[in-house]
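Novice: Counting from 23, one number per residue, gives the positions in the sequence shown under my numbering.
Hints are not guaranteed to be accurate.
[What the hints assert, rightly or not] Below are the DSS-like pairs computed for lysine-lysine, each with C-alpha atoms no more than 30 Å apart in a straight line: (1) K576 - K55; (2) K870 - K840; (3) K138 - K55; (4) K536 - K488; (5) K496 - K138; (6) K840 - K821; (7) K576 - K465; (8) K488 - K430; (9) K899 - K536; (10) K542 - K579; (11) K242 - K220; (12) K511 - K620; (13) K430 - K359; (14) K899 - K731; (15) K288 - K220; (16) K288 - K242; (17) K511 - K430; (18) K899 - K870; (19) K821 - K802; (20) K899 - K542; (21) K576 - K511; (22) K620 - K576; (23) K430 - K620.
Calculated from the structure, these hints are not laboratory results.
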Amino acid sequence: MTLTAGTRLGHYEIRSQLGAGGMGEVYRARDSKLNREVAIKVLPEGFTEDAERVARFQREAQVLASLNHPNIAAIYGLEESDGVRALVMELVEGPTLADRIAAGPIPVDEAMAIAKQIAEALEVAHERGIIHRDLKPANVKVTLDGAVKVLDFGLAKVLTDDSDAADLSHSPTLIKGTQAGMILGTAAYMSPEQAKGKSVDKRSDIWAFGCLLFEMLTGKQTFSGETLTDTLAAVVRAEPDWDALPATTPGVTHRLLLRCLIKDQKRRLRDIGEARILFEEALSGPEDVSVATAIVQLPVRSRLWVGVAIAVAITGLATALVVRLFESQPSQPPVRKFAIPVPDLKQGERTPPVISPDGRNIVYVAGSSLWVRELDRLEPTELVSGVSPAFPFWSPDSNSIAYLANQKIWRVGVTGGQPAIVAQASFNLGGTTPGGVWTEDGKIVFVQAANGTGILSVSEQGGDFKEFLSRDEKSESDFHKPSLLPGGKGLLYIVDHNDGGPDTIEAWTGQTRKTILHLKDEFLDAPVYSPSGHILYRRNTGNPGIWALPFSLKEFKVTGEPFLVVADGSWPSVSSDGTLLYAEEGESSFQAVQLNRKGEVESTLGESAVWLRHPRFSPDGSRVALFKGEQNASGIFVTDLRSKRDVRLTFDRRLTIHPSWSPSGDRIYYESREGGARPEIRSLLADGSGKEEVLAQDGMQPYAAPDGKGLLFTTIVAGQGFELHYVPLEGDRKPIAFLEAPGNQEQPVFSPDGRYVAYQSNESGRSEIFLMAFPAQEGKWQVSTNGGATPRWDRTGKKLYFVQGESLMEVEVSTQPKLSLGTQRPLFSGAMGRLRLDLWYDVSPDGKTFAVVREAPGDKSFVHSLRLVENWYAEFKDKQKK
């Protein structure tokens with residue numbers, strides 16, 4: 023039965039047909055319940071009319087659905103509607119292995135990588151007692167980044183089809199069950215026992231696996247014939263054309279093919295896991311299975327072919343050795359590029375992925391977890407979860423990772439285990455652009471946050487921080503993104519100047535500071551040394567992307583002009599063998615929306631923008647102030663909710679963020695920064711008229727008292743962290759310390775009656791929400807119990823909101839006869855509609871809606887894969903010579 027677009031099967035809507043075969047017709051469909059694309063396989067009508075087969079299939083489908091492996095396309099369920107019975111399966115994009123082979127033989131290394139993943143899929147299925155029975159190139163998908171998915175696992179066992187097809191490589195001849203005397207499988211990939219109608223086991227899958235590997239290497243079927251009978255005869259009697267294998271095929275692969283394609287079932291490879299192990303060893307290092315070992319068991323004709331190949335190889339090796347004696351330099355290895363899938367890694371994250379010094383792993387932060395991805399494996403490993411780690415960096419031996427979390431520096435082994443605290447900081451380790459390195463002499467060197475004392479160090483075994491490198495407080499606001507120069511030559515880092523920005527790459531030699539590159543009014547980031555003799559760095563303005571600066575480590579000087587390596591690339595990281603890891607930047611775009619208490623969008627608030635942060639409702643709820651920006655224009659905007667018009671309030675080059683309203687709604691307070699200078703609290707009339715007023719120095723995140731007589735704000739205390747201060751708006755306007763405590767106290771908000779202040783603090787080891795009586799500080803209460811950020815009151819003072827992970831939480835507050843807190847409950851998750859609660863939110867005066875920032879529809883700020891480039895400089899070498 024052929025289905026048309028728009029047809030519904032239960033809650034699945036058919037979109038288009040993907041293909042058809044003996045096992046049924048396959049369609050792309052939309053799952054309306056889970057909002058995802060799926061594949062629907064409609065079973066043949068003859069199948070659905072057989073009650074016994076249907077019952078057996080339902081039992082088998084339950085077993086198949088239990089398979090959970092990254093190389094196996096999943097079965098989601100069985101759907102029946104209007105007499106149509108269909109399988110619901112994972113939709114796998116990309117070409118089939120048959121499509122790849124149709125374009126010609128696959129290179130040996132790539133073929134082995136694909137075969138290894140197929141072997142892993144078969145291994146996990148065989149361990150569950152499930153046999154594929156119809157393994158063929160058309161049932162294997164290979165995505166553009168090299169990931170493999172095996173389709174239709176076990177379906178041949180329970181489906182039947184008596185139809186014939188012209189293309190024997192795509193036409194399964196199926197039977198009922200595995201009884202002797204019945205044929206099951208696809209002719210060109212059947213094992214001899216299948217072709218003879220004998221009972222089968224997992225060794226038939228191993229035979230088909232050998233056929234696939236042979237076909238990938240040669241570009242042609244292992245066994246073929248003009249008719250179905252001829253093909254079956256070849257399977258039973260003929261030998262593969264061993265001469266067709268490429269001369270570069272490793273001996274271990276020859277031997278494996280022989281073991282897979284032995285016609286005697288008893289002598290065939292018994293466990294596909296052995297194949298997987300051989301491939302892992304072959305792909306990870308020098309071959310340890312000799313060609314001679316493989317020859318011993320090959321047929322006579324093949325021994326002759328291999329003997330000739332060895333003779334040629336020996337002659338070629340001797341010639342190569344002679345040539346090498348007279349070469350001034352070894353030949354340049356080729357450039358190789360790979361995509362590394364990293365799901366849901368946001369481009370805007372301040373914590374970049376880093377490749378290990380040995381080039382075998384990458385570490386990155388996604389969500390609130392620390393992940394390690396071995397480059398020869400498909401799935402990452404979660405090392406640390408639930409603590410919002412940041413700025414990971416590697417030990418020199420690539421065996422451990424250090425990272426920042428909750429004002430502490432931690433270390434954890436690359437294989438996992440219990441993290442250990444290296445050092446606790448009483449000052450602010452946070453900020454937007456710090457970072458750290460782990461030196462070969464056992465020091466962890468870490469950059470303090472903006473306006474801190476500089477670069478600090480601590481022993482890898484733990485202890486107290488010591489000053490490693492101090493900054494000039496008159497001209498420099500901070501350092502960031504340090505990286506090591508090899509051989510103990512020193513440290514690279516960015517310098518952020520008070521009168522400009524992070525426009526300088528410097529090196530510390532252990533004795534002196536040396537400027538490597540200075541680009542006035544530019545924004546430079548993430549300098550790293552490459553063994554090719556270059557310093558790679560990110561340039562964010564002008565011509566953005568990853569650039570390379572020729573640099574002599576021996577002479578410690580720049581030796582050429584910078585050149586662009588990757589346009590719009592970011593997060594460069596280089597291993598000791600010169601492998602470059604980076605991300606391609608997407609086009610970030612945000613939108614402010616108004617949500618109801620269920621998290622559903624009620625309306626949009628103004629136009630989308632590249633940067634959008636900190637929405638705040640006016641006291642009467644008719645307007646929203648927020649920070650909005652494009653590449654060359656940013657400022658505080660006010661959106662009228664009735665007219666939907668945006669009015670821009672601030673225009674100059676200074677960064678103006680964190681707007682807050684006066685109680686009367688006629689004035690806006692905000693944080694203002696210029697370059698790397700210290701922030702100020704300023705104010706401006708909400709209609710844009712009049713002049714700005716400077717209210718406090720070193721101030722951030724202002725919030726007006728309900729009586730309008732003063733402001734609370736966060737201030738930076740060098741070497742200590744963030745404190746809360748109060749500035750009166752009458753009299754001498756001299757700021758007064760309200761809350762001084764170790765760590766960071768920030769984001770203060772008054773209760774509507776002015777009697778309490780809610781704020782965010784990490785004094786307990788992680789970020790939590792606290793309440794404190796104002797102004798006398800006569801009481802203090804912890805509100806959140808499992809992490810919290812960004813507190814907000816409703817206008818009645820009876821409810822307090824805060825962010826916990828990706829959820830917006832609500833807690834009842836009672837102040838009579840004394841303060842008490844109710845039970846916390848989540849309202850909605852930021853994961854709904856790609857909300858960004860971390861970019862702040864606000865509550866409307868009536869408590870019915872919330873202003874929240876979300877990623878705009880069509881936004882490309884999520885990085886779904888990183889890029890890995892081996893021998894990156896080979897692409898530019900000839901150009902540089904010219």
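Novice: Checking one constraint from the list: CA of K511 to CA of K620, max 30 Å. Satisfied?
Specialist: The hint is violated at about 57 Å.
Novice: Quick one, are K620 and K576 close enough, alpha carbons at most 30 Å?
Specialist: Between K620 and K576 the Cα gap is close to 62 Å, so the pair fails against 30 Å, i.e. violated.
Novice: Please work out if K488 and K430 have their alpha carbons no farther apart than 30 Å.
Specialist: 15 Å, holds
Novice: Taken at face value, is the distance from the CA of K488 to the CA of K536 at most 30 Å?
Specialist: 22 Å, holds
Novice: Could you grab the alpha-carbon distance between K288 and K242 and see if it respects the 30 Å cut-off?
Specialist: It holds: about 27 Å lies between the C-alpha atoms, which stays within 30 Å.
Novice: Would you check the hint for K496 and K138, treating anything up to 30 Å between C-alpha atoms as holding?
Specialist: It is violated: about 59 Å lies between the C-alpha atoms, which goes past 30 Å.
Novice: Quick one, are K542 and K579 close enough, alpha carbons at most 30 Å?
Specialist: Distance ~20 Å between K542 and K579 Cα, so the pair holds.
Novice: Hint check: K899 vs K731, CA-CA at most 30 Å. Holds or violated?
Specialist: With Cα atoms ~66 Å apart, K899 and K731 exceed 30 Å; violated.
Novice: Would the pair K576 and K55 pass a check requiring their Cα atoms to be no farther apart than 30 Å?
Specialist: Judged against 30 Å, a Cα distance of about 62 Å means the pair is violated.
Novice: Run the distance test for K138 versus K55: straight-line Cα separation, threshold 30 Å.
Specialist: Cα-Cα ~35 Å, so violated.
Novice: Is K430 close enough to K359, meaning Cα to Cα at most 30 Å?
Specialist: 36 Å, violated
Novice: Verify the proposed pairing of K821 with K802, using a straight-line Cα cut of 30 Å.
Specialist: Cα-Cα ~17 Å, so holds.
Hint compliance for this structure: hints 1, 3, 5, 12, 13, 14, 18, 22 and 23 are not met, and every other hint is.
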